[in-house]
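Undergrad: So the chains spell out like this:
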Amino acid sequence: MRKAAPQELQPGMVLAKPVLRGTMVFLNEGAVLTESAISRIESMGIDNVFIEGKSEQPIPRDEAMALVENRFRNHDDSPVMMRVKKILSEHIEKLYD
Amino acid sequence: MTEIPETGELRAKVESISALPTVPSTLKQISSMLENSRLSVNELGSFISSDPALTSKILKMVNSAAYGFPNRISSISHAVMLLGLNVIRGLLLGVSVFDLMQKHIVGLWEHSMGCATVSRWIAQKKGIKEPEEVSVCGLLHDIGKVILLLHYPTQFDNASALAREKGITQHEAEKIHFDATHADVGSWLAMKWRFPINLVEAIGFHHQPHLSRQASLETAIVHVSDALVRAKGTVGDNYTRVPEIRPSSWELLGLSDDDVMEIFNILEETASEEAGEKECQEAY
Ligand SMILES: [Fe+2]
Ligand SMILES: [Fe+2]
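Chains as they are written, first to last, in our numbering: chain A, 1 to 97; chain B, 1001 to 1284.
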């Protein structure tokens, strides 16, 4: 899931969260956006909607990995911590694919 | 060097939370309300409903990923019915204390929300009957930090600085500066507010889960969630060293590699969700 401003929306994108108008659901999650739905969303004056897809990462991959090394400092003797670190590294790799 | 308050004195001071000028009046009101052993579901519901800001914060919380209900909950009475008295009491404290949190300790709100989400997920996986109660444990586990900071700002800052310098945990540094820790403080408050024993122990022993006698599973869940959320890192806090997971707690939960991966994925999703909500909120 990621955030997108109304002007970034393209037909075919899928909503990851409902778009509300007041307390009413205008479009539900899972809805596939059409040209007309996008122009209505644009006219509603909302800042962002949530769509399916990967979010852009705020920092480059190498920096993210260096931060992991730093957060796991002095844990090399703990098998549990090393296992968690390994899974976390795989998780982060996937975010940058 | 500033004086170290001894435990008895510290506890008395923490429990007199209502006397503290830096504590906002709503929180004082909530604190004294929760001390009342005869507080009914209806009274609690109407207290919350009479305050629109509180109502919307609590509804936002129950509709967040930390609780994961499939359908939108749109009223306090519905929330109370679904979640029960203790969970709503916990959420009420959560939303009122964490305003303070956000202001004073960078990243603590995100950390607490993350722990609430992960704690509920693991609790559900382990078949615990009330996973929402465990979620509240995760939400409130570091509440003692806020209270320590409000009562003893200098010592708290010194403890944090010591932790950074020496590469020890905040918990260890607090022992040196306070003779008690944020976990102790949290459990004293949980008792004062008449929370059930599993909440008191999960908060009080989240850094020493082996000491829990009556809630070892819940305590292990909060202990492991705390570490996994630190491992993933939050936007506000990417540097804090991950606290070491006790092998006995890890074994008790028996999480698979896939489970841990799923937890990191959930944290990734909810982080972007929250960032979005924060922006929307600020726009109003
Ligand atoms: Fe803690
Ligand atoms: Fe924590």
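By construction, these hints were calculated from the structure, which means they are not laboratory data. Being a predicted model, the structure only gives us computed values, none of them experimental. Please note that the accuracy of each hint is not assured.
To be verified - Selected chain A positions facing chain B (Cβ under 8 Å, derived; list incomplete):
hint, residue
1, Gln7
2, Leu9
3, Gln10
4, Met13
5, Val14
6, Asn28
7, Leu67
8, Asn70
9, Arg71
10, Phe72
11, Arg73
12, Met81
13, Met82
14, Ile87
15, Ser89
16, Leu95
Unchecked claim - The list that follows gives simulated cross-link-like pairs (lysine-lysine, PhoX-like), each with its CA atoms no further than 20 Å apart:
hint, chain 1, residue 1, chain 2, residue 2
17, A, Lys17, B, Lys1028
18, B, Lys1057, A, Lys85
19, B, Lys1057, B, Lys1028
Virtual Cβ for every residue (Gly too), placed ideally from N, Cα, C.
Undergrad: The structure should be examined with respect to each hint, and the outcome stated for every one.
TA: Outcome of the hint check:
| no. | hint | verdict |
| --- | --- | --- |
| 1 | Gln7 | violated (16 Å) |
| 2 | Leu9 | violated (15 Å) |
| 3 | Gln10 | violated (19 Å) |
| 4 | Met13 | violated (16 Å) |
| 5 | Val14 | violated (15 Å) |
| 6 | Asn28 | violated (11 Å) |
| 7 | Leu67 | holds (5 Å) |
| 8 | Asn70 | holds (6 Å) |
| 9 | Arg71 | holds (5 Å) |
| 10 | Phe72 | holds (6 Å) |
| 11 | Arg73 | holds (6 Å) |
| 12 | Met81 | holds (6 Å) |
| 13 | Met82 | violated (11 Å) |
| 14 | Ile87 | holds (5 Å) |
| 15 | Ser89 | violated (10 Å) |
| 16 | Leu95 | holds (7 Å) |
| 17 | Lys17/A to Lys1028/B | violated (36 Å) |
| 18 | Lys1057/B to Lys85/A | violated (34 Å) |
| 19 | Lys1057/B to Lys1028/B | holds (18 Å) |
Hint compliance for this structure: hints 1, 2, 3, 4, 5, 6, 13, 15, 17, 18 are not met, and every other hint is.
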